[in-house]
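Engineer: Make a model of the complete structure from these sequences and hints.
Residue numbers (the numbering used here), protein chains in the order written: chain A, 1 to 271; chain B, 1 to 271.
A couple of the hints might just be wrong.
No copy labels: a pair is met if it fits in one copy or bridges any two.
Dumping the calculated DSS-like pairs for lysine-lysine here, alpha-carbon to alpha-carbon at most 30 Å [what the hints assert, rightly or not]:
(1) Lys224 x Lys27
(2) Lys128 x Lys168
(3) Lys27 x Lys178
(4) Lys128 x Lys27
(5) Lys168 x Lys178
(6) Lys260 x Lys77
(7) Lys253 x Lys128
(8) Lys159 x Lys44
(9) Lys109 x Lys85
(10) Lys168 x Lys263
(11) Lys14 x Lys159
(12) Lys85 x Lys44
(13) Lys175 x Lys159
(14) Lys109 x Lys77
(15) Lys70 x Lys85
(16) Lys200 x Lys159
The set of hints was computed from the structure by calculation and includes no laboratory data. Bear in mind the structure is a predicted one, so any value in this text is a computation, not a measurement.
Number of protein chains: 2
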Amino acid sequence: MTTQQLIDQIRLKKSFLCIGLDVDLTKIPQHLLELEDPIFEFNKAIIDATNDLCVSYKPNTAFYEAYGIKGWQSLQKTINYINEKYPEIFTIADAKRGDIGNTSTMYAKAFLDDLNFDSVTVAPYMGKDSVEPFLAFQNKHAIMLALTSNEGAFDFQTKNVDGKELYKVVIETSKTWKNSENLMYVVGATKAEYFTEIRKIIPNSFLLVPGVGAQGGSLQEVCKYGMSENVGLLINSSRGIIYASNGIDFAEKAREEAMKMQKEMDVILKR
Amino acid sequence: MTTQQLIDQIRLKKSFLCIGLDVDLTKIPQHLLELEDPIFEFNKAIIDATNDLCVSYKPNTAFYEAYGIKGWQSLQKTINYINEKYPEIFTIADAKRGDIGNTSTMYAKAFLDDLNFDSVTVAPYMGKDSVEPFLAFQNKHAIMLALTSNEGAFDFQTKNVDGKELYKVVIETSKTWKNSENLMYVVGATKAEYFTEIRKIIPNSFLLVPGVGAQGGSLQEVCKYGMSENVGLLINSSRGIIYASNGIDFAEKAREEAMKMQKEMDVILKR
Chain A
1 MTTQQLIDQI
11 RLKKSFLCIG
21 LDVDLTKIPQ
31 HLLELEDPIF
41 EFNKAIIDAT
51 NDLCVSYKPN
61 TAFYEAYGIK
71 GWQSLQKTIN
81 YINEKYPEIF
91 TIADAKRGDI
101 GNTSTMYAKA
111 FLDDLNFDSV
121 TVAPYMGKDS
131 VEPFLAFQNK
141 HAIMLALTSN
151 EGAFDFQTKN
161 VDGKELYKVV
171 IETSKTWKNS
181 ENLMYVVGAT
191 KAEYFTEIRK
201 IIPNSFLLVP
211 GVGAQGGSLQ
221 EVCKYGMSEN
231 VGLLINSSRG
241 IIYASNGIDF
251 AEKAREEAMK
261 MQKEMDVILK
271 R
Chain B
1 MTTQQLIDQI
11 RLKKSFLCIG
21 LDVDLTKIPQ
31 HLLELEDPIF
41 EFNKAIIDAT
51 NDLCVSYKPN
61 TAFYEAYGIK
71 GWQSLQKTIN
81 YINEKYPEIF
91 TIADAKRGDI
101 GNTSTMYAKA
111 FLDDLNFDSV
121 TVAPYMGKDS
131 VEPFLAFQNK
141 HAIMLALTSN
151 EGAFDFQTKN
161 VDGKELYKVV
171 IETSKTWKNS
181 ENLMYVVGAT
191 KAEYFTEIRK
201 IIPNSFLLVP
211 GVGAQGGSLQ
221 EVCKYGMSEN
231 VGLLINSSRG
241 IIYASNGIDF
251 AEKAREEAMK
261 MQKEMDVILK
271 R
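Structural biologist: Written out as structure tokens, the structure reads:
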């Protein structure tokens, strides 16, 4: 999917919501456990109930790897289901990969080509040749960790590198990489004031924003400081939506929560 | 496996060699492709031919993920085979994972518990709470990226953070984390002179050293600057050993290459 197609979807749906499909078997409705593939059935129900309210789904690969081969089958079925039934959805493999060049190429092929995700999240620590392989696919994107939403973000990301925080150096440096127009960035919602600084470096790039909801970030604050002319934001919510209920009505309740966010986004987009 | 057991194995085998099982179907002997699981058959032959010459095997997960579900089956069969037949081997899942706490916990469980690897490689960018979940398993280890062997290492890892290179800040900070005695570090062989600096911070920690061989690093140089009293080094070689031949004799040739390295290591250990 091109960036323009993503922007068009945001305008059409009046939503820049991304729903994180972080499926934990201990948290999903227990009646699903009788089915052959409870994770896929859960995802399918959530997707069918919310696809008109969001523009993106983001399965976190850890939650699938944790169930071994069965987990990978669920991931594969989930991405295939989205691609076939809802091709207008921007899909994100939240994998946070990154390795030496030939190895990153294998990861990129696995997620962007074989599984056919629109994008994959990557870690910047190993630098240019660990990220560029993810940028080599037409109309596909790498979403690089810049400033994350967890406590540990302050261990290194905000450290002072020659007078500037590391996350800024990471973003600035990445702009010089080949096919950098295919880069998006992870910026946590728990630090809304940082968005002003980030927008000075990348005025128009898309930012994937975790941390709204369960982790305590504010949608209003993020949009105030982080929204660009072309919106430029994908706000992720996982637990707050998918675990809204663990009863028979889980999909319906997930829809209600997604709709609350979509309505708030609609108001913000009209401003 | 405890660190002491690893040291005992090194003394017993007179080797601190780690063999990287980075299996690419386009590079393995073509007669294996007729078998049901070529990747596992390749690994099995390499392992049977080299296990007395090395102390560790390190499958890089990218090479398995690239083949989807079949790849994960090969990975599972490989680790099970090593654990059952050669329990004295120190196993490393080279996965370079790292995410917010609850997600890192899922990854840690997948690799250290379910797949039962002795260790897993992790990325430091997200800080303390992204790494600590990997340190919570008794007699298991997290091997954290410090200074990698690729060109991109100079993009951020060697940047000056308040008068000190980032990789040093990363190592120093990690020493304060819970169960930090379970930490080992990835340090590339292509920068042997850096080992002196690193040993000032962590005199005894184990270092996993890629970059000897195909990437151009020197075993002699690494040992000169990096060896500790308890050896403290695992030297990885992947392509130079496993792809020594792509004919019927591939396992035999791999053994020859592994033996060359083991003999060189034996001489170094006797000094």
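Engineer: Hint by hint, say whether it matches the structure.
Structural biologist: Results of checking the hints against the structure:
no. : hint            : verdict
1   : Lys224 x Lys27  : neither (33 Å within a copy, 52 Å between copies)
2   : Lys128 x Lys168 : both (15 Å within a copy, 20 Å between copies)
3   : Lys27 x Lys178  : between (42 Å within a copy, 28 Å between copies)
4   : Lys128 x Lys27  : between (38 Å within a copy, 26 Å between copies)
5   : Lys168 x Lys178 : both (18 Å within a copy, 29 Å between copies)
6   : Lys260 x Lys77  : within (28 Å within a copy, 46 Å between copies)
7   : Lys253 x Lys128 : neither (43 Å within a copy, 35 Å between copies)
8   : Lys159 x Lys44  : neither (42 Å within a copy, 45 Å between copies)
9   : Lys109 x Lys85  : within (23 Å within a copy, 33 Å between copies)
10  : Lys168 x Lys263 : neither (32 Å within a copy, 47 Å between copies)
11  : Lys14 x Lys159  : neither (37 Å within a copy, 42 Å between copies)
12  : Lys85 x Lys44   : within (10 Å within a copy, 41 Å between copies)
13  : Lys175 x Lys159 : both (20 Å within a copy, 17 Å between copies)
14  : Lys109 x Lys77  : both (18 Å within a copy, 23 Å between copies)
15  : Lys70 x Lys85   : both (22 Å within a copy, 25 Å between copies)
16  : Lys200 x Lys159 : both (19 Å within a copy, 22 Å between copies)
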